[in-house]
Every structure is written in C-alpha cells, then in structure tokens.
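Can you make the complete structure from the sequences, with help from the hints?
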Amino acid sequence: MNWKISHFVFLILALSVNCRERPDAVQKEAILKGKHLIAHDNPMLSSENPGIVIVDFRKAEEYERAHIPGSIQLYRNHFQDAAMPYPGMRLDRDKTAESLGKAGISEKHTILVYDDKGSPDASRFWWLMKLYNFEQVYLLDGGLALWEKMGRKTSRDVPEITPTVFHFPDKPDQPMVIEKEELLKYLSSDVPGIILLDARSADEYRGKVLKSGALRAGRIPGSVHIDWAESIDYSGTHTFKPREELEKIYSKLGAGKEDTIVVYCHSGVRSSHTTFVLTQLLDYKYVLNYDGSWVEWSYDDLLPIETDSIALLKK
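Sequential numbering of the sequence shown, starting at 1, is according to our numbering.
You may find that some hints are simply not true.
Unchecked claim - Okay, the calculated beta carbon distance ranges per label pair:
{"no.": "1", "residue 1": "Ser155", "residue 2": "Glu245", "range": "43 to 49 Å"}
{"no.": "2", "residue 1": "Lys171", "residue 2": "Glu98", "range": "15 to 21 Å"}
{"no.": "3", "residue 1": "Pro242", "residue 2": "Met84", "range": "36 to 42 Å"}
{"no.": "4", "residue 1": "Thr162", "residue 2": "Asp301", "range": "29 to 35 Å"}
{"no.": "5", "residue 1": "Leu187", "residue 2": "Lys285", "range": "19 to 25 Å"}
{"no.": "6", "residue 1": "Ser212", "residue 2": "Asp94", "range": "26 to 32 Å"}
{"no.": "7", "residue 1": "Asp308", "residue 2": "Arg152", "range": "41 to 47 Å"}
{"no.": "8", "residue 1": "Asp301", "residue 2": "Glu48", "range": "50 to 56 Å"}
{"no.": "9", "residue 1": "Leu253", "residue 2": "Thr162", "range": "42 to 48 Å"}
{"no.": "10", "residue 1": "Gly151", "residue 2": "Asp300", "range": "30 to 36 Å"}
{"no.": "11", "residue 1": "Glu179", "residue 2": "Leu253", "range": "20 to 26 Å"}
As the list claims (entries may be wrong) - In the SDA-like style, the derived pairs of lysine to any residue whose C-alpha atoms are separated by at most 25 Å in a straight line are:
{"no.": "12", "residue 1": "Lys248", "residue 2": "Tyr234"}
{"no.": "13", "residue 1": "Lys95", "residue 2": "Gln136"}
{"no.": "14", "residue 1": "Lys248", "residue 2": "Ala202"}
{"no.": "15", "residue 1": "Lys108", "residue 2": "Ala39"}
{"no.": "16", "residue 1": "Lys208", "residue 2": "Tyr299"}
Since the hints were made in silico from the structure, they are not lab data. Using N, Cα and C, we set each Cβ at its ideal position, and we do this for glycine too.
What follows is the structure, encoded as structure tokens:
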C-alpha cells in the first residue's frame, strides 16, 4: 500500500507528569506517514502533553513573525561548531546535548520538528539527533507552509523555557556520517565501494554557481546529481512526494538497497534531507552524510574537483 495513505500506530508508554522539563515519557497515539514523518493533522501537534516538544527550526526573526502554537525556536547556529575554519560543521555530542538542555529539552521528550522550506533544515536536525542515537524525533511533512495553507492557527507567543539536562544514549554514533579522510580513501581505491550523490542545484553541480562559504566551484569527481528538491512538492504543499515517484527519481543512482551511498551538498543540510528520503522513505540501508560537504572539500586546493562551466556566478 502507498506509504502516503497507509498509517500505522505506535504507543509510547509513560507516567503522567506535571512539569515539562522532567517528563518521564509520552503517552500519545501517533499516526505516522513514514518512518520519523508525521502529517499536519497528527494529534501530537495539538497536544498539551508536557512530554512533547515542537521545534521550529528556522531563523529567530522568522519564528517571531509566526510559528505553530507552543513551539520553541532552534536553528543551525545552535548546533554548528564555530571553531572550525569553515561554516556548517556539526557540534559534537556533548555540546549538542548542552544546547538541547538549554532549550528545555531532555532525552525523555518526543520532538516534532519543522521548517518552511520542504524540511531540509528540519532534516538536518533529525540527522544530528539520530546520529547521536536519539530516536524520538519526527519531521512535520510540509512544515509551516502546509500548516498555514490548511488554515491551521499560528502564534507569536513564546513559551517559557526551563533549562534542563539532556543525555544522549551512551553508545557509539550511528553509521550515518563520513569524514573527508574516509571519503578520500574510497575515491582513491581501485575497488568500487560507494555511490557518490550530489544533492545541490544543477548550477552548483556544474560549477556555474559558487555559494558563500565555499572557496572553489565544482563537484567531487564521480558524483551523480539529483537535486534534493526533486523529492518534494516544492511549488505546492512542500510535502514529500509519494514513494513510487521517489523510487523513480532515485533510480538514477543505479543503486541497490544494500549499496553504500555517500550524500553531500554545500554544508550538510540538503544532504541530510536526501539522507532522510533514502533511509526513512525508500529503505536504503547504508547512507552516509558527508557533513563537511562542498564547503570543506573546496577549502583544500589539493583535492580534485570537476566542473562543466567556465562562467562563474557567486551567491
């Protein structure tokens, strides 16, 4: 049955609690559209259960104009390592936990996250949380864009936050990331080992556009190009396309479900979105997000690049 119209129910057992910052768990029926994906009419979004946190993963000024009632604001800057010479690199596990605790989130919460661009930023948050073994995080399909189109109420009220402590599970990170050094080993090997997927725009892939933060234009040699935005109804509902359409789009990879796929973009955001699609909606088993992506790759003049364009447009 089509995953867009099929539903299944999971129950999260809990004790009742009176304070948001120390919930024991969530006791709520949740209807999922896919793994870690919920619809705009999911009952958790209108719940006052203190074990549920709704995260608006957009810039503060956008949040202040309008957001889903009860949501708190977080964004990329809360989870980026400012000590790196290039922008966008993830925070480590401990600092990520610290940022979550400051936002009043503990590991006992269930997190619902959204943006208004078709879920690339929300996917980045999902990927980081899942990388560090936190499972109770779900994307809102269509985000705020669909929420407003459906006539749902928005708010400008900011919830009161009580800082707490967040603990990730004490176990190794999930195999969902690849670093530059490991990627170089794959590329220099004579044994075919990976399929490399560039999730940026066609102009970035061809080397026609150089976005801010990168030093060179082009792509990593051998990359297959599939724009992340092909996977959503970008000009309409901002929801993910049906599974059969997604299967057709990503058939261009020529990959089996057991093959290793490395995804990159400009700074690891759009590639997180593609990682979500491949693993959560299409059941690919081995997908690695190159966190440094093109920004990191372009900083090293010794690393090889390919380009199709002589003319260059900086953005």
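#### Entry: Agreement of Lys248 and Ala202 with the hint, judged by alpha carbon distance not exceeding 25 Å
Status holds; Cα separation ~18 Å.
### Task
Starting from the hint 36 to 42 Å, judge whether the C-beta atoms of Pro242 and Met84 obey it.
For Pro242 and Met84 the Cβ distance comes to about 38 Å; the hint holds.
### Message
Need the status of pair Lys95, Gln136: alpha-carbon distance at most 25 Å?
### Response
Given that 25 Å is the threshold and the Cα spacing comes to 19 Å, the pair holds.
### Query
Ser155 and Glu245, beta-carbon distance inside 43 to 49 Å?
violated (34 Å)
### Message
Next pair to validate is Lys248 with Tyr234; report whether the Cα-Cα distance is within 25 Å.
### Response
Holds - the C-alpha atoms of Tyr234 and Lys248 are around 17 Å apart, at most 25 Å.
### Task
With 19 to 25 Å as the target window, see if Leu187 and Lys285 comply at their CB atoms.
Holds - the Cβ-Cβ distance for Leu187 and Lys285, about 22 Å, lies within 19 to 25 Å.
### Cβ separation of Asp301 and Glu48, checked against the hinted range 50 to 56 Å
Given range 50 to 56 Å: holds, Cβ gap about 55 Å.
### Query
That 30 to 36 Å hint for Gly151 and Asp300 (C-beta), does it hold up?
Since the Cβ atoms of Gly151 and Asp300 sit about 50 Å apart, the hinted range of 30 to 36 Å is violated.
### Hinted pair Lys108 and Ala39, Cα distance within 25 Å
Distance ~22 Å between Lys108 and Ala39 Cα, so the pair holds.
### Query
Leu253 and Thr162, beta-carbon distance inside 42 to 48 Å?
holds (46 Å)
### Query
Using the C-beta atoms of Lys171 and Glu98, is the stated range 15 to 21 Å upheld?
holds (19 Å)
### Task
Confirm or reject the claim that Asp308 and Arg152 have a C-beta distance inside 41 to 47 Å.
holds (43 Å)
When held up to the earlier numbered hints, the structure conflicts with 1, 4 and 10 and fits the remainder.
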